[in-house]
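J.: Position chains B and C relative to chain A; hints supplied.
So the sequence lines, in the order shown, correspond to chains A, B and C.
Take the first sequence: its letter number 36 is residue 36 in the numbering used here, and every next letter is one higher.
For the numbering used here, count along the second sequence from 1 and bump the result up by 1000.
For the numbering used here, count along the third sequence from 1 and bump the result up by 2000.
To be clear, the hints were calculated from the coordinates, so they are not data collected in a lab.
For glycine and all other residues, C-beta sits at the position ideal for the given N, C-alpha and C.
A few of these clues could be false.
To be verified - Covered by chain C, according to a simulated footprint, are these stretches of chain B (three or more residues, beta-carbon under 8 Å):
1. 1174–1180
2. 1226–1235
Claimed, not checked - So the derived label-pair ranges between C-beta atoms look like this:
3. C:K2359 / A:I166: 44 to 54 Å
4. C:T2402 / A:K176: 19 to 29 Å
5. A:V126 / C:K2359: 50 to 60 Å
6. C:K2423 / A:T86: 23 to 33 Å
7. A:T86 / C:N2175: 35 to 45 Å
8. A:Y159 / C:K2298: 16 to 26 Å
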Amino acid sequence: MMNTENNISKANRKINSLPKHKASSTKKFNDSFWGYLMIFPTVAGLLIFYIYPFFKTFFYSFTNMGAFGEYAWTGIQNYKSLLTDTNLWLALRNTLLYTIISVPISIFLSITVAALLNAKIKGLTVYRTLFFLPAVTMPAAVAMVWKWLYNSDYGLINYILSKFSIKGPAWLSDPKIALYSIIVVSIWMTVGYNMVIFLAGIQGISKNYYEAAEIDGAGPIAQFFKITIPLLTPTIFFVSVMSLIGSFQVFDYIFMMISTNSVALESTQSVVYLFYKNAFMLQEKGYASAIAMVLFAVIMIITVIQIKLQKRWVNY
Amino acid sequence: MSKAKSKKAFIHCLLIFGVILTITPFLWMILTSMKTLGESTQIPPIIFPKKLNWQNYKEAVATLPFIKFYINTIISTVAKTVGQVVLCSMAAYAFARIEFPGRNIIFIIVLSVLMVPGQIFLLPQYMIIQKLGLLNTIRALILPGLFSAFGTFLLRQFFMTLPKELEEAAILDGCNHFRIYWNIMMPLAKPGLTALAIFTALWSWNDLMWPLIVNTSPEKMTLSAGLASMQGQHLTNYPVLMAGSLLAIWPMILLFIIFQKSFVEGIAMSGSKS
Amino acid sequence: MKNKKLLSILLGASLIASIFTGCSESTSSNSKDKQVTLTYGIWDKNQEPAMKEIVAAFEKTHTNIKVKVELTPYKQYWTKLETEATGGNLPDVFWMNGPHIAQYASGKMLMPITDKLKKDNFDTSVFPESLIKLYTIKDEKYGMPKDWDTTALWYNKKIFDDAKVPYPDDTWDWNKLREVAKKLTDKSKGIYGIAAPQEDQQGYYNTILQCGGFVISDDKKVSGYDKTEAIEGIQCWLDLIKDGSSPTAQQMEATQPSNLFESGKLAMVYQGSWMLSEFAKNEYTKDKVDVVVMPKMKTRAAVIHGLGNVIYSKTKNPEAAWEFVKFLGGKEANEIQAKAGAAIPAYKPALNIFFDSTKQFNAKAYADELEYSFMYPCSKDTGKWNAVEGDNFKKVWAGQTTAEAACKKIAEDMNKILAAENK
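Only chain A is shown next, with the shape it has when bound in the complex (with noise of 0.2 Å):
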């Protein structure tokens, strides 16, 4: 109660104490003026190096632009030939399935942690920075370390298995479950930092819900799920649509960690995998690009999607 009234009232006092203007032009215009002044240098410099070679990358997917540059036009004849890819299908049950998996696991864990070090306990400021320690390190680095975790003969999770008398799979040569354990690899890393928005979501949640309900005697579970879930819906929205976002996009993990001669790599490829294949390896560039654009595509029909969902369960 305190705390929120006393921020209202603090910023009607802020306001109070600006100086007036006389309003001299209609709402309207102010509104379009500012609103257009203030979004203009990040507009425009997004133009420039972001949206004008988007549309370059769109221009290139109708060539057949190779190494350096030079390109003819070959109209939808990329996509023509991506329709028949099996590669690119493969791509895209790969990416599916790794997103629909590792981004609802990932949020539950990363609220979860959150909430548990939103507690009155002691150590919080170590328990959140050894958490987010996986967000900060060298990807490169992770994935040697992931490598070695995972490798089947002498690896420490086999390892400890074995302790077990458990005989540990080839958690990255075997087609079957390598994708898993990349998502292993790709939760581990974004716990932490889905963490840091959620702290953030959290601590916006006012203090006077949580007291009322230990007042009517509700549980810390009974809390959890009737007041932290539903008021942190903005927070969850935002890091839905920025994870699957994120994870459609995935490569850095798969490229690092499994091998070019690897008979899993068919079902773990990315469709950013393919479109680095693509553009780097076999410097079919403007067959890259088409990858990107189906992607884009694809990416774009998600978002729209959440985004028209959002009304049905985002409380604002």
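T.: For chains B and C alone, coordinates are given in the frame of chain A:
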């Protein structure tokens, strides 16, 4: 009393379990950084090195201009973080709180930048930086990173959760949007700004491809680009690479510890409206 | 408010700092008369000290030329080079290898050096013939050979001694190799006789040649994979796995053969000459292993690869670049390389100096193979058919298809790629 105590103990147990899962790979990194190259590739693996080989750290610092790497990485990270916090928050405020024609369409175009593989930007950005004559400079490291669709999206969500009453009063008093943004909204969005600062700093710290492509001299390299040179065509010096990576982490950890306090004690209005 | 001030100070400070770092760089490029700065692109950190030494020696005798060595890690080297090529901004001189030479030459990114070699009476007979051929595209020479590598047979003396088997020597043929590998495999100790990984330069490129086959025809128009000789050159490795003398493909993917060798788990292994300095340093191998030429099959053959120094076609300093490349191909530069021991210099007279630095091994074996060396297989779109090789052979090594079926498929796809190249 004991109920509260056992609740705390339970939370500690869960957290410690999570921490063990999280930091085991790090323990391996630390152990490897103190082995000799031969020890690090032994089959079956050796867990503890025969003796602590601090020379890997010495070698990492000796063969690479680490001080330069730190300076370059810190300068470019600070510039990008501050730049994004300012520029993205301004744009986010406008997208969230100001009605202007075309707002939604422009926002979707901004979002679409996030939905394509990042590698497609490498070549066009390289060409633009080249035309500006900024190849192999610190400015080249900073420039494209000042503009972020992710940051704009993140902060827009935050701004959307603040109560509308704040602005209405201010507008009645004749304040322009910029004042509202700077004097009122920004202080309230501290948790979101801090989160963005942490993410931008993180991403900039570990970014590999862009610094490698746009800069050529070792003196202009960042930490991750510089460390990548430890990976040879046929062989990698694992212990030195691990040592270098550990040396590269701790500024980010320090930053995180400092900023943590800021958004934990920060005041946010999100979710508090009835 | 405190935060605003802090924010603006930080932003200001970092922008100012970036301007100053930018400024100091531009004033130092104000040069004296005819002062020329060349950029030299390389990728190997191990060789960087030797390259810097060569540059220092060059700058001493060419006081108006400065050379900046720019290292990009191998994994990103070609991506970066392509970006620079597309932007018209390649280094003046840079390292080139077999798989990429034709692509860069036909993409008009390289300056031909045939005339310059003739004009300066440069004697190219000091280099192995196959290296010169490697860097000659359509009768124009583009690259000054820098170093070379071949593959040879390494063996663990201790394992041989324990089993009382005589060491491999130059009388061995493949059957003998197979027999000894089976004999020395001791699963109870976790020891394998040999490693049979899916490796091209360190594996089947050599055995295909040794069976009398070829990977790509000399005129680069036809694939040799569908011929029986090539199929034999693949099958011989699979036989080793079938015998149980080699770890499985899955095992070798998780743990590299060189690591197994350095852990005393392999009696024999094929390794390229770049491993000399590594094996010399490693605590286990430095006194327990040695190397010998590869056993013969139908004939003796070895595939040779080597880097070349090339010049950017649009360099702003063609004369200076040529002077530098000439120096790189000369006695002094190659002797520096030889002493450093990281790569075998292409300059034949400097070989002895190199072998001095690896005296504990029979490194001469690598040089003996020069006699029967064949050019590394490559063409303009090497990357494309390398991918075909990899995709098909991985199925063979995983036991999902036969060598014959895979080789026929590779030949089919490879011929299509080669036909498109030559259109």
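J.: All hints, please: hold or fail.
T.: The hints, checked one at a time:
| no. | hint | verdict |
| --- | --- | --- |
| 1 | 1174–1180 | violated (count 0) |
| 2 | 1226–1235 | holds (count 8) |
| 3 | C:K2359 / A:I166: 44 to 54 Å | 49 Å, holds |
| 4 | C:T2402 / A:K176: 19 to 29 Å | 23 Å, holds |
| 5 | A:V126 / C:K2359: 50 to 60 Å | 54 Å, holds |
| 6 | C:K2423 / A:T86: 23 to 33 Å | 26 Å, holds |
| 7 | A:T86 / C:N2175: 35 to 45 Å | 41 Å, holds |
| 8 | A:Y159 / C:K2298: 16 to 26 Å | 45 Å, violated |
Checked against the numbered hints given earlier, the structure breaks hints 1 and 8 and satisfies all the rest.
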